[in-house]
Every structure is written in C-alpha cells, then in structure tokens.
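Engineer: Chain by chain, the residues:
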Amino acid sequence: MDKRIATLAEAVAGIEDGAVVMIGGFGGSGAPIELIHALIDRFIATGSPKNLTVVNNNAGNGHVGLAALIEQGMVAKLICSFPRSADPKVFTELYLAGRIALELVPQGTLAERIRAGGAGIPAFYTPTSYGTDLARGKPVEEFDGRPYVRERWLKADVALIKAELGDHHGNLTFRMAARNFNPLMAMAAARTIAQVSRAVAPGGIAPEEVITPGIFVQGIVEVPAPAQEEALNRADAHYPEVTE
Amino acid sequence: MDKRIATLAEAVAGIEDGAVVMIGGFGGSGAPIELIHALIDRFIATGSPKNLTVVNNNAGNGHVGLAALIEQGMVAKLICSFPRSADPKVFTELYLAGRIALELVPQGTLAERIRAGGAGIPAFYTPTSYGTDLARGKPVEEFDGRPYVRERWLKADVALIKAELGDHHGNLTFRMAARNFNPLMAMAAARTIAQVSRAVAPGGIAPEEVITPGIFVQGIVEVPAPAQEEALNRADAHYPEVTE
Amino acid sequence: MTSKLSNAQIAWRAAQDIADGAYVNLGIGFPEMVAKFQPPGRQAVFHTENGVLGFGEAPAPGAEDWDLINAGKKAITLKPGAAFFHHADSFAMVRGGHLDVAILGAYQVAETGDLANWSTGPKGVPAVGGAMDLVHGAKRVAVITDHVTKDGKPKLLQACTLPLTGVGCVTRVYTSLAVIDIEDGHFVLREKLPAISFDELQALTGATLHLDGPADSAVADLITPEL
Amino acid sequence: MTSKLSNAQIAWRAAQDIADGAYVNLGIGFPEMVAKFQPPGRQAVFHTENGVLGFGEAPAPGAEDWDLINAGKKAITLKPGAAFFHHADSFAMVRGGHLDVAILGAYQVAETGDLANWSTGPKGVPAVGGAMDLVHGAKRVAVITDHVTKDGKPKLLQACTLPLTGVGCVTRVYTSLAVIDIEDGHFVLREKLPAISFDELQALTGATLHLDGPADSAVADLITPEL
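Same order as they appear, the protein sequences are chains A, B, C and D.
Just so you know, we're using this note's numbering here: the first sequence kicks off at 202 and counts up by one.
Just so you know, we're using this note's numbering here: the second sequence kicks off at 202 and counts up by one.
Just so you know, we're using this note's numbering here: the third sequence kicks off at 62 and counts up by one.
Just so you know, we're using this note's numbering here: the fourth sequence kicks off at 62 and counts up by one.
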C-alpha cells in the first residue's frame, strides 16, 4: 500500500464544484497552505472547483491560504467559529456584501460535530449555546435536570489537512499545536488528503506515536518546509502573487 | 505539582462503599492488577469498599485482578460488553446465582458512553443495537432516513487504570494495545488513579507523545514490572494466595 | 470429492473478495482464519476492536507479549505501518464507515440481511462484545458459516429466531455450499458447489434462493483449493 | 489614590483566587493578563482551546514558532509537563468539567449568572470562538471587567440586553471597583474599593447588591498593589 501522491496538483484534482471541504488549522497553525494554493491554481486554470462549502475554525487572514481561496470567489459558504483575524478584510467584505454565507458554530461544538461525523454519531447533546441565539431552532432536551442542545454531525467530501510525518499507509503525526482540527477532519471526510512535511516508509512512525491512523487518510503529498500563514502575512504576501 | 502517591494502599484509600469504579484493560492487557489487588487487601482488612459498580470490558479471568475482586463479593454490579473468558467461573457462578447484576453494553457503545461522560456529552445517537434486545426501552430517532438508538453518558467516581510512563503532572503513555479503555476512563471519572510502570519528571514525556493529558489524572503510583493477568493465570495464580 | 467446504475453504473463498489495501475486521474465532488466505500480491490491513491497525500473524509460542493481543485475546504481532489507538477511536473506525469489510460468523442470517450471532437465547451469561458495532459502519458486512446447523437445520432463514445482532446489515454470505448475496430482501445465489443441485441447496435453505438471470448462467461454480 | 482599579490590578485580584495546581483557561485578550500575577509558590496549569496544556509566557520577539500559539493566535512557550491534543479532546476538557477555573471578559453580566461577551449586536461579522463552550463545564466561571462601560453605564444588570453567551454560568465577577459573587440569582458584594461607598457602588450597578451579613462586616476592602 502506498498512498503517496506525487504532486499537489494531483492531490487536489478530485475536488468537485459544490463539494464540502474541511480545511485543517487554527488560524495559520496547521493550515495546509500549499494544498489550498494548489486548489486556487486549479480554479484559475479551469474555473473549478467553485461553490465550495468550507469548514474551518476561521475565515482566513490576509491574502494567502484560506483568505486567498475566499478572495477568488471559490467559497459559497463558510462553517466556522471565528471569522475574525488580524486582517479579515477578504471575508468581511464578501460577507457584508451578502456574497458568502456563514454558519457560525461554537468552537467546541464545531470540533465535536466533526468528530461525530467521523465516528458515525449522527447527533449528540451539548450544554454549549443553550439559551443563546446560536441554539435557535435546535431541539432542546433535559438530562439530569439540566438543559442541552442537540447538534448534528458534520461530514465532508474532502479534507485538506497538514501533518508533520506521514508514512505510506497514511499514518500521521502533527507538529505541536498544529494538530488542532486536523485529526478530526481526517476522520470526517470521505477523502482526506494530507500534506506532510516528511514522507516516511511504513514503520517510520512508532505505532504508539501515530496520531491519525492511516485508515482515515486516502492520500499524502510531501511538502518539505511548508509555508506559515503568519510569516507570509508579515511579509504581506498575496496568492497568486500580485504582478505589477 | 506532584501527583505521585507513595503506595498502592494510599492510592485506593479514597474509594467508598457503593462507588462506581471504572477499571481499565481489555482482558488482561492494560488491566491495573496491582491497584485491584490493593483494593482487595483493603477490603479484607476493613470490610470496605463493597457494593461496587464496576465498569470494564470483561468480567475477569481466573482468580486474579477483576475476577478476584468479584470473587471477594465486592462487586454488586458489572457494566461490561463481554463477561466471558477462558476461565469466567467466578463471574458466571455469581451471576447465575443472582448475586451480581449485569448491564450488558455493546463494546463500541461502552467506549463511546465513557468518552461522552468525560467530554460532557450527556447523550448521543448510535446505529449500534438498533432492533436488538439491547436497545429495548431506549429512545429511537431517525436521522437522514436511518434509525438510531439514544445512549447516555457513563461516569464514575473513580477510575483505576494502567499506564506505561507517567510524569508528575499525570501525563500518561500506554504500552501497545494496553491503551484500550484506559485513556477514556481517565476522562470519565471524578478521580483517576493510574499505576505507571515508570514515573518520570515533567518533561520526561514529549508533549506530542502524551496520550492522556494530566488534567484527566488525579494520582499516579509507580508499579515497576507490573504483573500480566495472562501470565498469572497460566501459573494458576490466586489472589489473595491460597494457603494450605 | 467433499460434500461441503471445510472452514478453511470457506475462509479462502471469502479472502478472494478482499481487495489489496482494504481495511478489514475479522470476527473472533473462525473468521480470523480468513487472514491466512489473502491472494498473493494483495495486502489487507487488519483492524482489531481493542485498538490495533496493521497486525500480523500470531507470534511463536513463548514469544507472546500479552499487551499485544487481538479482540479474541490472542497474541498477535505487528506489521510495519501499524498503529495503536484507544477504544473510542477504534469504534469510530467501525461505526464511522471507515472499514471496507467486516467478516463475521453467524448463528442465523435472514434474507432481510438481519444477523443473529451473539446469543443463543436467554440461558447462561450473555456476552456481546463488539458484534453489534461491527455490523454497522463497515462498507461491506459479510458472513462466513456452515450452510446448516450441526443438526442439519437451515441457518439462512426468512427471519432469524435467535436474538438479533443487527437489522438489515449483511450483504453477502459465504457458506459451506454456496456464495449468496442479500439484495432487496432476497437471497441471490451467486455460486454453489458443482456437486450440489439447485433444488438440493434450496432444500437446505430456509428462504427462497433467487437467481440473477437465466438458471443455466446465473450461478457460477464454487471452486476452492483443497485446504 | 486611584478611583478605580487598572486592568492589571483586576487581573491581579483574580489571580489571587487561583489555587496551586489549578487547571485554568483564560479568555482571549484582557483575561490573559491574569497569568502574570500568580502568587509566589503557586503554579497553575494553563489550557488553551487550540490544544495545549501547560504553556508559559510569550517567547522573545523573533523567537516565535507559529505552530505554537494560543487561542488568541499569539505565540507561546511550553513549560515542562506540557501536552498537545486535538480540538475534540481540548473541548472534552472544557465541557467535561475538567477545568478548575475559566476567567473571561464580559460586555454584560446578569444577577442570574447570564453572560454576554461574544456579540454587541447584529452589525458586522459575528464571531463566537470558544466562548460558549468555556462558560459550561469549568468548575468555576469568573469574569473580569470594568465595573461600567466606557460611557459609564452599568455592565452588571438584572438581565443582559446583548446576545447571551451562556445562561446562569458566572459565579464571580472581579470588577474595577468590587468583587461580587453570584448566588441564587443575586449579586452578593464581597469586596469593594475602600474609597467608594456602598451607595455609590450601587448607583453604578444595574441590579441590587446584596450583603452576606451585617453591613459593617460583610464587605472586605478590595486592596491590590499598584500595577
């Protein structure tokens, strides 16, 4: 078994118009910048994929990564917990112009809905958001005298995630706090593509140190020395590059 | 912060009559034999704790560990998925005599109920057991055209678990498949005591390799070279030792 | 010539349908045998409920490590690329639809796809393990079983009489006499031993066997090596 | 003498109530300041929603690693005994009642314990983050805030007028003027600045301040170092 994909272009080739795409990361930490940029390249070359529903904790920052994907007009709807950042201009303008839809989900509920999607749990109850605007229209039930809101699972057609090591079976590790949503999204997508900083042979990750077992991963593509969104933004980078 | 407990006797001192006690392990793998035997010692010396509700995947094997705990008459009720083993005589006889109660739970539902208890999710829906005797009396709901059974969380007063490394903050790693229910039970108990094969200073476990973060662990007790239930049973061991 | 397939031959036949790279859970006991018969050049990844993916054969006697066992509590070994995880993640794999195939034993299978394989009735100590989870989520749930009980009664029925493990979950049955799919509430015969006639097979089956096409071409010969 | 506490002084006061070894989540922004004022000899373990337990101060400028950030996306460092985990485990810690204290900012707090701290109304882009999760599960949910808004209106009210973050979740409020507990639907005044009278404080508060005992002994002086 060898889940390696040779190029970023091949890695994002199968994503269709209208797809639900989970994108890992919390802000720039753990964001698969190179996979996102490959998707933008494809869109610029072919006009597809568009009308995407993107699941991410945020709404991008600056003009790279998720912000650049939104800036291209590829995203019809965003499901996230915190669409603000140091430079959220791209999302903010489209949102206020009514050109992108937003489903706002509390962060812990977002994480749990994604995990539920991966674990075959169609619905669960949480205390989070009870009595607030974000619980409107959702069933409420009392357990042991306390009210809880019912939430549904969240699944995706594709997950684009960022990992540190990936073996040929798709077993993954993550670097520090870049773990965040990445292992959960791997579980919840029909097809999970991981960009890994280093691809290793099976056995290259100790079985006890695997964070995402390969069963949740359909393809890995090696991206040595991946870009950090924060560093790109500090350099005022744009994707694609702005030419004079 | 130092969560080390000096002796096994101190580690099990706080468990009261009638407590719900989760005990880690799958069969003998990951079973905290020494903690269980310390609890038996306390019972023999003081008559307490008794009337325990024990949560474990199994019902013990032979006459050591969980089987020995049951053999002492300390367990009023067992919540488990598979109360059979190579030598299940202890449980079988008490059960058939009506002297121990059994709540049979499908293994995946047991794991998920324990995780839910640890994660603050009071109830969730699962396809497991739908249309079977084990779903009797449980609410059923349809999601996306498919029926699911509603299950409740499972929590405990105490969890007794077995880990490999444990640092003074309670961060834990587990040895191979001895992981099983142990990290979940650590989450679901008000008080989690881990026997660890080796106690290390904070920093002795790489932050990315921690399996159970210390927030889920209230005490660790070092038990170097812990016994394996399977090995004890192959030697026909009894606890306490049978004297002529 | 044998009148029915041995367990090894049933397991061999089931193994032929497992694709290279498939993620597979084999039930405790007889189904474990399927792992031995992977066709050359194919390598499935085996999952066991207690938190191991990518395990291999049993170790040599005396070389067991009792922290490294399968769901049947038997000692196993690891292949390169193996991973450990806890029970909730393990059943996320099961329930979440990540396994390609689960192969299970059966007391009874109904033409509706219902399966009974965990309890023979109210006597004794009930034990369910992971059976009720495994029948949900795997992309394909197959059963391997003798075609009839030890005393010759059909195990393939219109409806199970024993306590159910799952409803409408089984899609293929490999028996000692035939390979039968379950489609739209019917048993559809795909393969049978050449030595047994359709009428003989029907007489040993507790529900109607359907054919997917003309009688002379719809059913293939069930041929296995001597095992 | 100051007429009210500085933010640093409010944070200092809140820090005095955090026990040694407590697991603590500090909300983004102002609450992060609480970490600086742990009393000598006490060491809390700080949790951040994005999957880190046991982090320390900000690194020196230029030494940032952008894979090591907190929920506010600021660079952090690790202390010995730190651990990483994914978002579902992180919020299991929050929702599952494993945190000892969460200290959050507030737009408004009601005497019922209701909190409004995520939205100032329907204008602009709404963003909630982990706020609605943090108010549930932590054993103690405390708020640090100026006693009144920038234009002098009460932030402590009978009922919140802004969109709620959570219902009945706050148990203690540290303000620029006082320390107030929420018990049985009432504000109970515990400490106030010596320079302000009870009546003055009541006038700046949008709901009745109760006393737990005789007026001359129920309220302690709120005293902090100059910060």
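Since the hints were made in silico from the structure, they are not lab data.
Where a beta carbon is used, it is the ideal one built from N, C-alpha and C, also for glycine.
One thing to keep in mind: the hints can contain errors.
Quick look at which bits of chain A chain B covers, simulated, 3 or more residues with Cβ under 8 angstroms [to be verified]:
1) 232 to 239
2) 245 to 255
3) 324 to 338
4) 371 to 377
5) 402 to 410
Straight-line distance between alpha carbons at most 30 angstroms, and here's what the computed DSS-like set of lysine-lysine pairs gives [said to hold, decoys possible]:
6) C:LYS200 - B:LYS290
7) B:LYS339 - A:LYS339
8) C:LYS65 - B:LYS251
9) D:LYS200 - A:LYS278
10) D:LYS214 - A:LYS339
11) D:LYS184 - D:LYS211
12) D:LYS184 - D:LYS134
13) B:LYS339 - C:LYS135
14) B:LYS251 - C:LYS200
15) C:LYS134 - B:LYS278
16) D:LYS140 - A:LYS290
17) D:LYS214 - D:LYS65
Engineer: Hint by hint, note whether the structure agrees.
Structural biologist: These are the hints, each one checked on the structure:
1. 232 to 239: Since three or more residues must qualify, the claim that chain B covers the stretch 232 to 239 of chain A is violated, with 0 doing so at under 8 angstroms.
2. 245 to 255: violated (count 0)
3. 324 to 338: It holds: at least three residues are needed, and the stretch 324 to 338 of chain A offers 5 whose Cβ sits within less than 8 angstroms of chain B.
4. 371 to 377: holds (count 4)
5. 402 to 410: holds (count 3)
6. C:LYS200 - B:LYS290: Not OK: LYS200 (chain C) and LYS290 (chain B) at ~38 angstroms, beyond 30 angstroms, violated.
7. B:LYS339 - A:LYS339: Holds, at roughly 21 angstroms.
8. C:LYS65 - B:LYS251: Between LYS65 (chain C) and LYS251 (chain B) the Cα gap is close to 54 angstroms, so the pair fails against 30 angstroms, i.e. violated.
9. D:LYS200 - A:LYS278: violated (36 angstroms)
10. D:LYS214 - A:LYS339: violated (34 angstroms)
11. D:LYS184 - D:LYS211: Distance ~19 angstroms between LYS184 (chain D) and LYS211 (chain D) Cα, so the pair holds.
12. D:LYS184 - D:LYS134: holds (24 angstroms)
13. B:LYS339 - C:LYS135: violated (34 angstroms)
14. B:LYS251 - C:LYS200: Outside the cut-off at roughly 45 angstroms; violated.
15. C:LYS134 - B:LYS278: holds (24 angstroms)
16. D:LYS140 - A:LYS290: violated (35 angstroms)
17. D:LYS214 - D:LYS65: holds (15 angstroms)
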